[in-house]
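Trainee: Given chain A, work out where chains B and C should sit, using these hints.
Chains as they are written, first to last, in my numbering: chain A, 1 to 497; chain B, 1 to 497; chain C, 1 to 497.
If you are wondering where the hints come from, they were derived from the structure by calculation, not from laboratory data. Do not take every clue at face value.
Identical chains share a label here; the pair holds if one copy fits it or two copies do between them.
Unchecked claim - Within a straight-line C-alpha distance of at most 20 angstroms, the following computed EDC-like cross-link-like pairs (lysine to aspartate or glutamate) qualify:
| id | residue 1 | residue 2 |
| --- | --- | --- |
| 1 | Lys349 | Glu490 |
| 2 | Lys276 | Glu240 |
| 3 | Lys375 | Asp197 |
| 4 | Lys374 | Asp197 |
| 5 | Lys71 | Glu240 |
Spelled out, the chains give:
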Amino acid sequence: MRATPIALILATSLIGLPAAADDPPPVSEATEMCLMCHESLHPGIVAGWRSSRHAAVTPAAAMAVEGLARKVSSDDIPENLAGVVVGCAECHTLRPDDHDGVFDHNDYQVHSVVSPGDCAVCHTVEAQQYEGNIMSHAHGNLEGNALYQDLERHILGAPAIDEGRLSFAAPDPATEAVGCLYCHGTRLDVTGTETRDTDFGEMDFPIIAGWPNQGVGRINLDGTRGSCSACHTRHTFSIEIARKPYTCKECHVGPDVPVYKVYSASKHGNIYHSKKQEWDFSAVPWTVGRDFTAPTCATCHVSLLVTPDGETVAERTHGMKGRIAWRIFGLVYSHAHPKDPDTTKIVNKDGMPLPTALDGTPASDFLIDAEEQKKRRATMEAVCLSCHGRSWVRGHFERYEKSHETTNAATRTATAILEEAWARGYAQGPADGGSPFDEAIEHRWADIWLFYANSIRFTAAMAGGGDYAVFADGHYTHAKRIKELQEWLEERTPPDP
Amino acid sequence: MRATPIALILATSLIGLPAAADDPPPVSEATEMCLMCHESLHPGIVAGWRSSRHAAVTPAAAMAVEGLARKVSSDDIPENLAGVVVGCAECHTLRPDDHDGVFDHNDYQVHSVVSPGDCAVCHTVEAQQYEGNIMSHAHGNLEGNALYQDLERHILGAPAIDEGRLSFAAPDPATEAVGCLYCHGTRLDVTGTETRDTDFGEMDFPIIAGWPNQGVGRINLDGTRGSCSACHTRHTFSIEIARKPYTCKECHVGPDVPVYKVYSASKHGNIYHSKKQEWDFSAVPWTVGRDFTAPTCATCHVSLLVTPDGETVAERTHGMKGRIAWRIFGLVYSHAHPKDPDTTKIVNKDGMPLPTALDGTPASDFLIDAEEQKKRRATMEAVCLSCHGRSWVRGHFERYEKSHETTNAATRTATAILEEAWARGYAQGPADGGSPFDEAIEHRWADIWLFYANSIRFTAAMAGGGDYAVFADGHYTHAKRIKELQEWLEERTPPDP
Amino acid sequence: MRATPIALILATSLIGLPAAADDPPPVSEATEMCLMCHESLHPGIVAGWRSSRHAAVTPAAAMAVEGLARKVSSDDIPENLAGVVVGCAECHTLRPDDHDGVFDHNDYQVHSVVSPGDCAVCHTVEAQQYEGNIMSHAHGNLEGNALYQDLERHILGAPAIDEGRLSFAAPDPATEAVGCLYCHGTRLDVTGTETRDTDFGEMDFPIIAGWPNQGVGRINLDGTRGSCSACHTRHTFSIEIARKPYTCKECHVGPDVPVYKVYSASKHGNIYHSKKQEWDFSAVPWTVGRDFTAPTCATCHVSLLVTPDGETVAERTHGMKGRIAWRIFGLVYSHAHPKDPDTTKIVNKDGMPLPTALDGTPASDFLIDAEEQKKRRATMEAVCLSCHGRSWVRGHFERYEKSHETTNAATRTATAILEEAWARGYAQGPADGGSPFDEAIEHRWADIWLFYANSIRFTAAMAGGGDYAVFADGHYTHAKRIKELQEWLEERTPPDP
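Okay, chain A solo, but in the shape it has when bound (with noise of 0.2 angstroms):
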């Protein structure tokens, strides 16, 4: 049985009269409806979304902003949104048809989960950037790639001994979205209703498979990929969050992306945790030197940047790949950046789905060429120039892309050895049909380019050198694990007769 809809109790209320001059902006119907009672029931998430700028501007004002600052790119807001602020009910009763798992609460048609789809009626262009990242792709990729989902059993499966033989099982659904699918996205499906017993009676919701989620890559429930409030966090939808380098930490923290660690030993997150309390991480556009003396993630990746003066270092991209000429993490061989965001498309020269073959050949047809990168170095370089001299920059360039060349023949080194060890029947590997990833000498293997020659790499790339490109997880261990494979190597091998 169903309650009486609160919409009727509540009819009555004096919601959405119209506002004098210096009234804070009008709020719709439908969100005053939400917040009667969702005020008190969640009151983290109001009062999250109550600080928000959200909360504060209508569309329409947003819209009015000329130049620069002007932070909506839709020049066609539908007009029942333009004039009331972003409330509850603006996003989560937009676009009923295009979702699955809406539900009537209290007379309106909800949706749980917002998407990138709804948020782009106010943001399209920044969520066509962000479509053609990787990023966005990061569920399909692992999940659509063969290789990747024998990694993935081989690490978060269940392990089992049977007759002295140890097998791993493919994971299950919750292992999954707490491990690789947090970050890389659920997909989330309904898969039926429930009644539960609420204060207004009971009430009938969704129940969401994969939920919940907030990975860069989710399939949401209107087919659409991606989360924004992976980076704009919450009821908030915060840009100064989204700035800060804790966001990004979220999901490049560990040895395989070690960016947040190689960013606070370098020189600019020294100056970055000494001086951010001084800074203005909301401003648009944000402007070097005086908003801020040194980058966070996001200056260098996707914000637009402008000089004191007013000129632009920097468009804002929210398709970050504009800025990367190289990938340079969760696989084999770094090698110049995909053409398409769908990497599951890549085959490389051995006809398996990787951006290089396991000799280090890149799959060029599927990457950009070398004026790409040419190209896209330059946009990240006149960042580097805001603060730093011609030579300086260069010096550093110079410096990261040698470190491609040195890692990944150190990569082909330590594949030789695990060749050799194939070939010789000390492990299986694919020419015989055995998985690269279910032994523990390919699991030291992959150490080698998925953790250490890769925070070689970032320290390179973020000039953040010194322990973390020696010592903490960087050459010391990449040069110990080479030593131990080869060591395995030897001592399986029967000595001269």
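Mentor: Leaving out everything else, chains B and C in the frame of chain A:
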């Protein structure tokens, strides 16, 4: 020879005159005496105290506060304390008959180590609640458990080679004090008296073994357990510091209990680090959404929380166990929380002093039952629901409880491999009178549950998945260690004839 | 073809008029010239400088300060510098005859790399003190020590397999620059000149090998050692940043020297992170209890500290060694601090360039004696006593010195195992002409002292025990590695006949 007591020297100074309406609250004559010298001897200590609530409020004033804002839980504060601020002498001369090591200091009977027994005079309920925690028994639970002592010896002990065999001696007290007992707490003992030359001539002081220490289970000179200063740091006794996650980090940061690391990489930690400068960490009660917008450790585990309407979300408790259904670290398998904080009483089905058997069977008689677990989970969920919808919270806890199942099953697999090694005599296990911790292979087995299974559970518990669940001490290395255990066994297995 | 010097273009601009009473302090004509272009070319650099003390105060004004607040230590600042703020030109055109790579830039003789030799013109005492530190010799001590070069090769060098054997080539300069020399400092060399197209036409610039770098032992183009900017970060030259622990973290965070990590998990670090927003990091002198309530790295090792009464607790020193009795990291055994900052002169009893022999015997002739150690310990203890009682401090140092004894004994045990392996020919040691660092087993031996013994000592040194002493790179893994060394030896030992 003893110096003339300072009391005589200073007897004519203007101390303790009656206070006018706007005067600062009165300081006792005894405390003024302390400050005379110690303000210049140890300015940092006195400056800390002067900035504290203890220096600004008398117990009588604190007791006059009505409702949830009241911080003092005793109804019966001795008259001589009630009317003066809580100064040096109030604590350091309190309950002189109960403390060992009380010494005559300028005619005052002083004890160096203030204990929970002293704090309990005003904070009675908190001291009682804390005494019911496993944390307060951290010293005894470690020192009184033969198996943990065996583990401690093979970690902290001095290694030596004798006739080609490696053995570990019992660890010396200094190593224990800097090691396990830094967090678990030392046992304090008065071992003698020394005479020191001071600015006021020679003075006698007790010599205290185990000092300094601020461990959560410290055995004090009055026999009480713990150190309130472990969290309410030193002479500021600050609720602000206790509520910030750096306090918990002091003991909860390593791979065995990576709480701070997981928190910092979670959405909660991101919001905390981005927005904490705008929060009120001293408000009592603590209002969700107004005083803070994301939880710290204290929010979920300790603090009195209310909604902006003043409705209680969670009651204050210093019995942190009240919101904890499971114990997820430090042991071979996760399990329902122990009933009694003294875990030395636990005996599993194999007669070992552990809450589970090596095959995972819980020692259920000593652990809380499913109903109590459900109750504790509900108490915790009430906190979550302040900022999250019901389906979000349920999805979170389902994944969390699933993580127990999967990690415990994996530990079962790992343990079976080790048991096979023991059975074949490749290593010496408990069944043959061996320590389960003294051989390299056993140490690598311990990594699996002590570091990796554990980290996985923390990421599930704290919605801090991603990198910490997978690559940073999570599944990736968890799977690797299991593969290596199996590799080790197979290497030793003679080939089929 | 060269462009018309900007000096001519701008010659009529209003620079350097006499200053009225309230005017900002005068900027030299030359610096105004620099700012004309560079303010828009590199706004971040100029904004940093504008916010600095150097931009706000003339040396003459700085020298007029009396007493402990004075920051300038030279009594003899050249007249042409004294009356203008310390701007671009003041530093970048200083001492042109002493620098290599000086180039003509719009009629000014400019050098890109400002060195401690330049800073010494005003900060004479600090530059002299710094020169006496091991830190200032970090480049030469690494590059001029054959044994360290061998270690560096087997960490940073390019690995290759040749006829089934693994070898490491000497590391290339780019890898060194991002690796060891990021902290140790590169050697700068002018390798040529290039002509660049600029907004003002073609201009010539020197090409500097080893650039960029801010390492503490950088060899500059005037032959001086170090980079003041390593700590007094870039163009803000900030005492605030230098006093915050993020500065030291740039080089002291990895497992070989986990200072920042240990600090952050200590009571000191907890207080710092909780309360720093209320502290004054720029006050000179720095008052205990008023300006700060817990130490940062600088507090204990560098800063001029006073009590609230103005009594000196510790004198300022840029010779950090003055408060350091022991050297606890980077070497096989901890030992008394070296006498001479040039450690390449040290020879141990086995003829190796190390401060101890492989059996732990110190090369005492090259190390400070017990009396000097006692003096340095007392200087450090004076800092501790600002906030801690005598028995607390004594207990702390007893444990710290015990940690040397126990970790060195454990390293002796580990080394004995390796020596046995060398003796039996399972690996090739120095006695047989082998490197002690090129085989996997040797690398695992190095872990014991370079990471774990070391981390244990840091926790003892910094009262940051607990997790970092035991589970996070402390005793737990320390004991494990020793067990594994022994396991490795036993695996190779033929069974008794």
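Trainee: Should Lys374 paired with Asp197 be assigned to within, between, both, or neither, using CA atoms and 20 angstroms as the limit?
Mentor: between (60 angstroms within a copy, 19 angstroms between copies)
Trainee: Between copies, within a copy, both or neither: which fits Lys276 and Glu240 at Cα up to 20 angstroms?
Mentor: Answer is both; intra-copy 11 angstroms and inter-copy 13 angstroms each pass.
Trainee: Can you give me the call for Lys71 and Glu240, within, between, both or neither, at a CA distance of at most 20 angstroms?
Mentor: within (14 angstroms within a copy, 35 angstroms between copies)
Trainee: Please work out whether the CA atoms of Lys349 and Glu490 approach to 20 angstroms or closer within one copy, between two copies, in both situations, or in neither?
Mentor: For Lys349 and Glu490, the Cα distance exceeds 20 angstroms both inside one copy (30 angstroms) and across copies (35 angstroms).
Trainee: Quick one: Lys375 to Asp197, C-alpha cut-off 20 angstroms, is that within a copy, between copies, both, or neither?
Mentor: between (58 angstroms within a copy, 19 angstroms between copies)
Against the hints set out earlier in the document, a violation occurs for number 1 only.
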